[in-house]
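Residue strings, one per chain:
Protein chains: 2
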Amino acid sequence: MPQLRPSCYDARVLRVTFNPGPSQISEETKADLACAIAERVADISHRSSEFSEISRRTIEAIRTFFSVPQDYAVFFLSSATEAMQWTVMNLARERSAHFSCGSFSELFGSVSASLGRNATFFSVEWGTKNDYVVEMPPDTEMITLCANETSTGLMVSDADIAMVRARHPEPMLAVDITSIAGITPFSIPQADVWLFSVQKCLGLPAGLGVIFLSPRAVSRGLDLEKQGMRAGPFRISAMLEKMKKYQTVATPNVLAISLLGRTLARWNERGGIAPLHAEALDRLSLINAAIDRQPQLRHFIAEPIDRSLSVCCFAGNAAAVATLHGKAASEGMLLGKGYGKIRETTLRIANFPSIPRQEWMRICALLSAPL
Amino acid sequence: MPQLRPSCYDARVLRVTFNPGPSQISEETKADLACAIAERVADISHRSSEFSEISRRTIEAIRTFFSVPQDYAVFFLSSATEAMQWTVMNLARERSAHFSCGSFSELFGSVSASLGRNATFFSVEWGTKNDYVVEMPPDTEMITLCANETSTGLMVSDADIAMVRARHPEPMLAVDITSIAGITPFSIPQADVWLFSVQKCLGLPAGLGVIFLSPRAVSRGLDLEKQGMRAGPFRISAMLEKMKKYQTVATPNVLAISLLGRTLARWNERGGIAPLHAEALDRLSLINAAIDRQPQLRHFIAEPIDRSLSVCCFAGNAAAVATLHGKAASEGMLLGKGYGKIRETTLRIANFPSIPRQEWMRICALLSAPL
Numbered sequence: 003m004p005q006l007r008p009s010c011y012d013a014r015v016l017r018v019t020f021n022p023g024p025s026q027i028s029e030e031t032k033a034d035l036a037c038a039i040a041e042r043v044a045d046i047s048h049r050s051s052e053f054s055e056i057s058r059r060t061i062e063a064i065r066t067f068f069s070v071p072q073d074y075a076v077f078f079l080s081s082a083t084e085a086m087q088w089t090v091m092n093l094a095r096e097r098s099a100h101f102s103c104g105s106f107s108e109l110f111g112s113v114s115a116s117l118g119r120n121a122t123f124f125s126v127e128w129g130t131k132n133d134y135v136v137e138m139p140p141d142t143e144m145i146t147l148c149a150n151e152t153s154t155g156l157m158v159s160d161a162d163i164a165m166v167r168a169r170h171p172e173p174m175l176a177v178d179i180t181s182i183a184g185i186t187p188f189s190i191p192q193a194d195v196w197l198f199s200v201q202k203c204l205g206l207p208a209g210l211g212v213i214f215l216s217p218r219a220v221s222r223g224l225d226l227e228k229q230g231m232r233a234g235p236f237r238i239s240a241m242l243e244k245m246k247k248y249q250t251v252a253t254p255n256v257l258a259i260s261l262l263g264r265t266l267a268r269w270n271e272r273g274g275i276a277p278l279h280a281e282a283l284d285r286l287s288l289i290n291a292a293i294d295r296q297p298q299l300r301h302f303i304a305e306p307i308d309r310s311l312s313v314c315c316f317a318g319n320a321a322a323v324a325t326l327h328g329k330a331a332s333e334g335m336l337l338g339k340g341y342g343k344i345r346e347t348t349l350r351i352a353n354f355p356s357i358p359r360q361e362w363m364r365i366c367a368l369l370s371a372p373l
Numbered sequence: 003m004p005q006l007r008p009s010c011y012d013a014r015v016l017r018v019t020f021n022p023g024p025s026q027i028s029e030e031t032k033a034d035l036a037c038a039i040a041e042r043v044a045d046i047s048h049r050s051s052e053f054s055e056i057s058r059r060t061i062e063a064i065r066t067f068f069s070v071p072q073d074y075a076v077f078f079l080s081s082a083t084e085a086m087q088w089t090v091m092n093l094a095r096e097r098s099a100h101f102s103c104g105s106f107s108e109l110f111g112s113v114s115a116s117l118g119r120n121a122t123f124f125s126v127e128w129g130t131k132n133d134y135v136v137e138m139p140p141d142t143e144m145i146t147l148c149a150n151e152t153s154t155g156l157m158v159s160d161a162d163i164a165m166v167r168a169r170h171p172e173p174m175l176a177v178d179i180t181s182i183a184g185i186t187p188f189s190i191p192q193a194d195v196w197l198f199s200v201q202k203c204l205g206l207p208a209g210l211g212v213i214f215l216s217p218r219a220v221s222r223g224l225d226l227e228k229q230g231m232r233a234g235p236f237r238i239s240a241m242l243e244k245m246k247k248y249q250t251v252a253t254p255n256v257l258a259i260s261l262l263g264r265t266l267a268r269w270n271e272r273g274g275i276a277p278l279h280a281e282a283l284d285r286l287s288l289i290n291a292a293i294d295r296q297p298q299l300r301h302f303i304a305e306p307i308d309r310s311l312s313v314c315c316f317a318g319n320a321a322a323v324a325t326l327h328g329k330a331a332s333e334g335m336l337l338g339k340g341y342g343k344i345r346e347t348t349l350r351i352a353n354f355p356s357i358p359r360q361e362w363m364r365i366c367a368l369l370s371a372p373l
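The listed protein sequences correspond, in order, to chains Y and L.
Position 182 (the first sequence) corresponds to 184 in our numbering; numbering is contiguous.
Position 121 (the second sequence) corresponds to 123 in our numbering; numbering is contiguous.
Honestly, the hints are just simulated from the structure, not real lab data.
None of the values given here were measured: they were computed from a predicted structure.
Take these hints with a grain of salt, some might be off.
Since copy identity is lost for identical chains, a pair holds within one copy or between any two.
Stated by the list, open to error - Here are the computed lysine-lysine pairs in the DSBU-like style, where the Cα-Cα straight-line distance is at most 30 Å:
| hint | residue 1 | residue 2 |
| --- | --- | --- |
| 1 | K246 | K228 |
| 2 | K329 | K32 |
| 3 | K247 | K32 |
| 4 | K228 | K343 |
| 5 | K246 | K339 |
| 6 | K329 | K247 |
| 7 | K228 | K247 |
| 8 | K228 | K244 |
| 9 | K329 | K339 |
| 10 | K32 | K339 |
| 11 | K343 | K246 |
| 12 | K343 | K247 |
| 13 | K343 | K329 |
| 14 | K343 | K244 |
| 15 | K247 | K339 |
Sequences are here, hints too, so could you generate the full structure?
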């Protein structure tokens with residue numbers, strides 16, 4: 003058998019990854035995976051009652067964990083990008099608007115434009131927050147925002163989302179929570195579409211996207227279908243029909259659905275999102291204290307209130323950043339590189355639940371030590 | 003932790019599944035999965051050089067195994083259904099035509115129609131083969147056919163595909179090989195698009211689709227883009243750009259890409275598709291001999307030449323079919339139910355490489371025994 007293992011990912015060499023996704027896989031998830039294989043989750047038909055039961059339990063665990071109202075639909079897709087495409091294809095016929103403050107908030111708008119929609123971008127400089135008090139073009143059908151901009155580490159609060167909704171009540175509001183879903187609560191009734199993937203805070207192997215849909219969004223999608231919009235095989239009516247049996251239009255990533263259910267069931271038993279949020283806040287204060295002691299680094303996001311809980315982004319000169327990557331690597335730790343145009347002058351540290359606390363203490367010590 | 007195991011899938015109770023997908027997972031694949039997790043394949047960034055290397059090796063293994071010409075593009079998607087959607091969105095602006103002889107060949111046409119294309123169906127009765135000598139509507143941009151109709155067990159030969167191409171040389175020819183890919187060779191240069199997923203003959207967990215694209219199809223897709231067709235974030239130009247580094251537009255199912263590479267690398271070392279094809283033919287003759295001894299069953303596909311190598315479909319009265327399901331279950335074997343409108347009066351047996359030969363002998367014995 004050919005050697006498929008890139009040596010730098012030998013577990014003996016790389017102990018932990020702080021890259022903001024795909025994230026560190028926890029020991030619990032590794033055990034879940036072994037268990038799922040032993041229990042033949044990967045062999046079952048996606049049209050069997052056994053699959054329906056796994057899927058039902060996962061969806062119930064999702065509803066409990068994220069406090070998703072019963073009148074919201076929950077669907078499985080294969081990635082957050084596909085979920086963005088799905089949202090545009092099903093809910094926006096002509097015109098969308100996008101709050102952009104980095105690569106991933108921009109992406110939602112690019113997806114809409116690439117599908118031929120008239121997409122308006124409200125863009126601000128990377129590292130700063132959008133001004134939500136803007137004039138929406140008339141007939142805007144959908145507004146998107148990214149609750150946690152992975153490229154810069156900027157987080158939008160639940161209060162911000164409430165403000166966007168209050169200010170622009172008519173259009174569908176779609177919120178990408180990809181890199182924050184799992185460690186901070188959102189008021190789901192405040193928006194029409196929530197989407198995320200599982201390889202970030204949820205700590206699972208990549209290849210599954212999840213979407214929540216308000217009753218208003220469901221109605222809107224069904225209306226657009228009746229009016230002749232052709233959203234393809236994954237159109238909302240087809241998804242709803244399959245979901246009556248907790249099934250999906252295409253053969254899904256059954257294993258990932260099972261792993262997501264196992265993770266969230268465990269987390270629900272441990273008290274839900276609150277303890278995960280508290281732990282993330284505690285770790286954030288630890289890493290902030292470390293940065294305060296490091297003269298070579300500063301927060302990329304100037305305003306403390308806008309800093310992400312899950313993706314810590316620190317800026318420094320390119321030499322200091324390179325030194326830190328090297329020091330971390332020599333200790334078996336992989337840091338996240340900066341993203342896009344700030345690749346060389348920032349680094350990103352994922353504050354994800356799958357990272358053991360002792361590793362978090364190590365990264366804090368490394369960041370605060372003299373370079 | 004809640005009990006997520008449906009008891010009938012307890013490995014002690016169900017020894018083997020003959021359901022035609024998702025298929026039996028082999029012991030080798032289970033070992034690959036454990037190995038991939040230990041080697042941290044699920045933790046790596048999909049934008050890292052380590053991922054690029056895994057993906058490159060998988061794509062090379064695919065090219066070798068399926069004899070994909072170097073000038074064909076190979077892309078990863080998440081399912082065969084998504085691959086159908088992708089094909090229509092990228093390659094057919096207005097008009098497509100579809101040879102339909104069962105649920106899955108029909109599906110490709112339904113996908114096209116659901117995306118607003120003018121889809122012409124050439125349909126025949128389930129169990130019979132299409133007549134390819136038909137008059138195509140003028141300006142047909144794409145023809146689709148299913149090389150292995152999973153709902154009925156009807157197989158289209160490589161010679162049939164050559165005939166379709168010769169008869170209708172202008173339109174793009176797209177061939178769905180989902181439930182046969184891996185055990186019978188196809189002449190890839192004969193068609194423009196080949197698509198499949200990995201949970202059938204390849205014996206892998208579901209959640210990965212693969213597509214091959216001829217240079218003509220690539221040109222056509224790029225031309226349509228230039229002419230203003232808006233195929234979305236997964237448009238061909240974006241896929242090609244990412245594939246320069248063996249990467250994907252969205253975060254892919256990294257684990258499945260790794261498992262596919264490992265499976266095909268192993269199969270390539272063992273002589274490629276030829277021994278798998280020979281073994282499948284041998285097993286087919288064994289099961290045919292068993293059916294010959296069973297007065298209660300007959301082949302659903304009348305013409306021997308049209309019978310699938312990978313999905314054996316047998317018809318009988320509903321009572322005989324139910325008896326066989328029960329007998330099989332009592333011996334720890336799951337048979338595939340009939341599909342759709344022939345659910346009660348047929349049963350399907352997957353002839354997939356992941357099924358151990360001793361289990362194949364058992365199912366043959368069971369089928370031939372008096373009911």
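Checked hints:
In this assembly of identical chains, the alpha carbons of K246 and K228 lie at most 30 Å apart only when taken from the same copy (20 Å versus 41 Å across copies). Taking identical chains as interchangeable, the C-alpha atoms of K329 and K32 lie at most 30 Å apart only when both belong to the same chain, with a minimum of 28 Å there against 36 Å between chains. For the identical chains of this complex, K247 and K32 are neighbours both inside a copy (28 Å) and across copies (29 Å), given an alpha-carbon limit of 30 Å. Proximity of K228 and K343 under a CA criterion of 30 Å is satisfied inter-copy only: 28 Å between copies versus 43 Å inside one chain copy.
In this assembly of identical chains, K246 and K339 lie within 30 Å of each other by CA distance solely across copies; the values are 21 Å between and 43 Å within a copy. In this assembly of identical chains, the alpha carbons of K329 and K247 lie at most 30 Å apart only when taken from different copies (27 Å versus 51 Å within one copy). Proximity of K228 to K247 under the C-alpha cut-off of 30 Å is restricted to the intra-copy arrangement: shortest distance 23 Å within a copy versus 42 Å between copies. When the C-alpha separation of K228 and K244 is checked against a cutoff of 30 Å, the pair qualifies only within one copy, where the shortest distance is 19 Å, while the shortest distance between copies is 36 Å.
Only within a single protomer do K329 and K339 lie at most 30 Å apart by alpha-carbon distance; the minimum there is 14 Å, versus 58 Å between protomers. In the homo-oligomer, the alpha carbons of K32 and K339 lie at most 30 Å apart inside one protomer (26 Å), although the nearest pairing across protomers, at 33 Å, exceeds that limit. In this assembly of identical chains, K343 and K246 lie within 30 Å of each other by CA distance solely across copies; the values are 20 Å between and 45 Å within a copy. For the homomeric pair K343 and K247, the shortest alpha-carbon distance between copies (19 Å) is at most 30 Å, but the shortest distance inside one copy (45 Å) is not.
For the identical chains of this complex, K343 and K329 are intra-copy neighbours only, at 23 Å inside a copy versus 64 Å across copies, given an alpha-carbon limit of 30 Å. When the C-alpha separation of K343 and K244 is checked against a cutoff of 30 Å, the pair qualifies only between copies, where the shortest distance is 18 Å, while the shortest distance within a copy is 42 Å. For the identical chains of this complex, K247 and K339 are inter-copy neighbours only, at 18 Å across copies versus 42 Å inside a copy, given an alpha-carbon limit of 30 Å.
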